[in-house]
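Between the sequences and the hints, there should be enough to build the whole structure, so can you do that?
Top to bottom, those sequences are chains A, B, C and D. Per our numbering, the very first residue in the first sequence carries number 164; after that it's consecutive. Per our numbering, the very first residue in the second sequence carries number 164; after that it's consecutive. Per our numbering, the very first residue in the third sequence carries number 164; after that it's consecutive. Per our numbering, the very first residue in the fourth sequence carries number 164; after that it's consecutive.
Everything labelled a hint here was simulated from the structure, so no lab data went into it. Hints should not be assumed to be uniformly reliable.
Since the list gives no way to pick out one identical chain from another, each pair is judged satisfied if it fits inside one copy or across any two copies.
[As the list claims (entries may be wrong)] As a list, the in silico BS3-like pairs of lysine-lysine whose alpha-carbon atoms are at most 27 Å apart:
hint, residue 1, residue 2
1, Lys439, Lys486
2, Lys310, Lys260
3, Lys260, Lys363
4, Lys260, Lys486
Now for the letters of each chain:
Protein chains: 4
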Amino acid sequence: MKNTFGNNISVTLFGESHGEVIGAVLDGLAPGVRIDEEYIKHELEKRKPRGNISTARRESDEAKIVSGVFEGVSTGAPIAVLMENTNTKSKDYSLFKDVPRPSHADYTAEIKYGGYQDYRGGGHFSARLTAPLVAVGAILRLALKNKGILIGTHIKSLHGIYDRDFMDLEADISMLDDKIFPTLSNESEERMIKEISEAKERGDSVGGVLECAVYGLPAGVGEPWFDSLESTLSHALFSVPGVKGVEFGLGFGFSEKFGSEANDPFYTNGEKIFTKTNNNGGINGGISNGMPVVFRVAIKPTPSIYIEQESVSLSRMENTVLKIDGRHDPAIIHRARAVVDSVTAIAIADAIATAFGTQFFGG
Amino acid sequence: MKNTFGNNISVTLFGESHGEVIGAVLDGLAPGVRIDEEYIKHELEKRKPRGNISTARRESDEAKIVSGVFEGVSTGAPIAVLMENTNTKSKDYSLFKDVPRPSHADYTAEIKYGGYQDYRGGGHFSARLTAPLVAVGAILRLALKNKGILIGTHIKSLHGIYDRDFMDLEADISMLDDKIFPTLSNESEERMIKEISEAKERGDSVGGVLECAVYGLPAGVGEPWFDSLESTLSHALFSVPGVKGVEFGLGFGFSEKFGSEANDPFYTNGEKIFTKTNNNGGINGGISNGMPVVFRVAIKPTPSIYIEQESVSLSRMENTVLKIDGRHDPAIIHRARAVVDSVTAIAIADAIATAFGTQFFGG
Amino acid sequence: MKNTFGNNISVTLFGESHGEVIGAVLDGLAPGVRIDEEYIKHELEKRKPRGNISTARRESDEAKIVSGVFEGVSTGAPIAVLMENTNTKSKDYSLFKDVPRPSHADYTAEIKYGGYQDYRGGGHFSARLTAPLVAVGAILRLALKNKGILIGTHIKSLHGIYDRDFMDLEADISMLDDKIFPTLSNESEERMIKEISEAKERGDSVGGVLECAVYGLPAGVGEPWFDSLESTLSHALFSVPGVKGVEFGLGFGFSEKFGSEANDPFYTNGEKIFTKTNNNGGINGGISNGMPVVFRVAIKPTPSIYIEQESVSLSRMENTVLKIDGRHDPAIIHRARAVVDSVTAIAIADAIATAFGTQFFGG
Amino acid sequence: MKNTFGNNISVTLFGESHGEVIGAVLDGLAPGVRIDEEYIKHELEKRKPRGNISTARRESDEAKIVSGVFEGVSTGAPIAVLMENTNTKSKDYSLFKDVPRPSHADYTAEIKYGGYQDYRGGGHFSARLTAPLVAVGAILRLALKNKGILIGTHIKSLHGIYDRDFMDLEADISMLDDKIFPTLSNESEERMIKEISEAKERGDSVGGVLECAVYGLPAGVGEPWFDSLESTLSHALFSVPGVKGVEFGLGFGFSEKFGSEANDPFYTNGEKIFTKTNNNGGINGGISNGMPVVFRVAIKPTPSIYIEQESVSLSRMENTVLKIDGRHDPAIIHRARAVVDSVTAIAIADAIATAFGTQFFGG
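Structure representation (structure tokens):
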């Protein structure tokens, strides 16, 4: 189903960039789970544009829970989260209906929806819709945390600048949880922000790679074949605007290794089973093996740049040049972090509910 | 659903490596589509182990269609394809129930299924099950071909050896269709086979990267958000054993580019719209834009190697050393090509059926 | 999925009787369909409590469309409809958490949700949620009407009082569309209202049977086996609170007939195929045959009555007597009509989208 | 999905009346469930045509389990059941492609599948496909029985002849389990068989009403709104050929009752909660309340009768008269009992898996 994800825990998304209200409906969360509105705010803060390196559009981003929560606790009924659009400037966008922005959804939306789509601000395709996604993701992230399952994401690389690797996952995830610009090293943070600022100066944009770790996931989550944990996670991740690649563990790096180098040897301390390396990113045969689930997500540079670009006037079927005004991000990777955390929480929660029953999260 | 993929065109998979019969049920194909059993055989040939660089297990791989086809044409009812297992040697595998092979599904299956799984030959996790997947994929590949949509996959790289890039897609795909070892350049074929043979000599294995192109797909296929074309394709691709990464267009390479380099400018010849580059791999906003859909798939080295490995005896909870006998592939990437072609056909056909109705394929 | 219905056209429902906002998300409607807010109001009027024979709770019932509609026309994106709860009196209901109302959801909700449910006014189980269901159903009813497919429902019987049969379906459906109390005969209307009023006097309630006809549905809608048109319709109908029976055509009356009496003979006027009788209610083998689809729906008497009833105190595990105050309907069957019309529209629209593609409804 | 039912426990059906093999794939059953092939045979016996009152087509009805079972126990992988068609007489049926049998699927299949369907013996619509449905249903019925949940169905009425009511459910279900012709009273059995025989003499057929009870189902199964237990059960039941009505508890009888008569008062013995009556058939608000789930299913008379009927030649678009030869049942209600038991088991098992997790059935 187009705007619904998940089998036992599901999320339905609706809204447009310039509509009155956007929102998401989270269904399947067990009753009795404490809902912390402060935590939702905390997560939305990470997604907010801020400072010099983001769009000038500033939304209050207040998430209002209108159902499924009673006296601060989930009831078992669907949780609907609504967010109002307040800071909309519709006049900025009307051009793109005729002259589509390269690498954006303008053209495919025009083709698919026969010209009936709400083109203002990207309409239903706008990354604005990731705000309610972050809100419901935050609910699940906290529900997972309460069961000892932690999710954290950092910017692994940005235009040739690399962050340090994950080391102590619990500490690293805890640190990332408090950072607005999500790197593990302060030096990479500075260099990356500088790179983004410089791109902005030139009216250009940059992409990068996010790396996400899920710590504490029990073995046995994920299904053979079509609902492998990789399938479920990648399905969710590729629904995030700008994501163009997903790799687990060594991922594409496997092609440089022999089996003898790539395999993760098992060992035991007599009580639990571990692997010495984690080249498989915590997943064997589509099922979690108890090691951290680690994957990387490629984020393309924001397509809305201020530099002149070649495009086409659809009405006149003529080649033309496009010069974009308006408010756009020179990079979304730092903001996309919160979205990756969220869809990861959604996918992991659904996979757990399928493997162990929705009761797993119960109060 | 665990062993079922797809919404409007779906595939359900069943069987085990050492069971009597394995098979797949394809539902949703429009009536009136000619079913060519020769083409199914042709595709199964590509998946077959052969020569020096594959497992010694040789199956007849005869796919029997037992429903949904009448007088050579699809009826609209589900198409069930059955394949018998004939060449099974169960004694080879009993060890792995206690001492799991590193990076294989042995351990996670033991945990998930509480010791009840059929452990012989990998049981339900065996790559043997990709045979019926190739059979039903072949049916859809041909149905797509009849509508001008061509799918082709080559080995892009194998342990540092690179094939040439796609050039003339129609010609390249046609050439690949006739090749058992799927490279575009004969030189890379030779070098890759040599690399695999050498790994085999040492009892080791290699992985690599497959690159797939879908040519002729109309614009407008794929949905916003959760059923983006990338989501649907990656969901299917990550269900293939050994796949650990999927990237579209530039994929992870986007992180090295500025937006001004990465964006695909539109142009027109007055009749149709094209993009000058195809860095987005034919997909914008989750929807096909009419350019070829191009993606790469990372395949890890086969985990079953003959070199001694560290593992654990689950019954004794002791560290131990594992030495594998039996019949294993030093590389599966060339055989996996047929599987990638097939799941791509399944995912694309389902996305088309959702976008345009199942009638699209009708006779 | 619990609160989502439909495959290609789907509805997701959320909210509680005493929450701030209730709503529904309609996904899969083709772009270009004119959305008539007046028609939505018109349908909501039919569901509204009014006069002497309904609850005293009066809601403004204003349905606000916040997404998926642009310049009065569907965009192809999900259509979210929100309705505020304004007239809530929470104090009326707190008793039922401990002493459940017989035949109501109070007890099963308490068991299922472990005491975390929002018990006020029936919470998520409240028939109040049928309001947004009617709103999205109205959108689809109109979309169907634009394609010549008409849906109409009358009260076939109410506590021994029978309405006349459908005769001229187009005329009858048109008449019903304008009636608040949906009978075909004015005499039955008067007698039924009198019966309800008398039950109300005694603090009692009555149920009845609704009969629904779908006129103009083309042959070929519905699938063999699990998505038979009867399966899809009954699935939707049994989700309506109070529905306890569904029968198609002769339904339970078939048990009194021989095949020779029950079969519907085919005939032709040389251009089209008809059946002489319509005992099968327009459906053969789970698929529409081009004749009107006709079914009946049993609605039980409203369980909330003012007469003393035996119940149990769950906290004390003691038998007790329950005396209900508050605002309740002595009959909901006339209001349920609009809900049956709506879920019928949803189920039929989804079945059409599956059979013919979502384009069927396109603008 | 057309030929797949269920969310967490699912069944996929395939095959045609005159194809080589028919079958079903059962997915989602927990590992460790003992599979009793004798019980499957026992259930298939009940569905078999026999004696004077059934079709002369006799199939061996041997169900072969080819996957998902290892050493007599479920593995957690999909269970595929195959059955060969051996006794097929294709020449009997070719007429119906041009001159459809009234009230049969011949006409709608022709319209829907554009003439490509396998028309022999009803093709994919043939009740022959209920055989594998009974086989997989038997697996789930036994799994339910092992958890204390019993399912039993009797012929409540057949052309004006009524069986006695359920009394002691455990004893009655146990008795029905051993009966080929499923009545609770021997006198009704005799009279019903006589009625069927007399109809057969005249070349006619009869229908009737089945009544099914599910005993021992815990409270809390079923979901609010769209996956109400009634929705799930009716969805499955209406997929059985010939079913035209489903009612729970009093069902259509509710229309004759006041709320004060219809409501089921709660009472307690200090340990458990019961209802004094069970007019709601064990379901409140779509969720099981711990009382037996009781419902009735209307089965229409077999449409294939030997008496001349009016029909149409589709090729000539002319009215004509149809005289059927071949092998047909004068009644299927006694055989349909096993199918109703089976789809009930499937629907109940899926609802339990959704409510309590698939582990519920675990070994």
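Cross-check of the supplied hints:
no.: 1; hint: Lys439 / Lys486; in the structure: between (53 Å within a copy, 18 Å between copies)
no.: 2; hint: Lys310 / Lys260; in the structure: neither (47 Å within a copy, 29 Å between copies)
no.: 3; hint: Lys260 / Lys363; in the structure: within (25 Å within a copy, 57 Å between copies)
no.: 4; hint: Lys260 / Lys486; in the structure: within (14 Å within a copy, 62 Å between copies)
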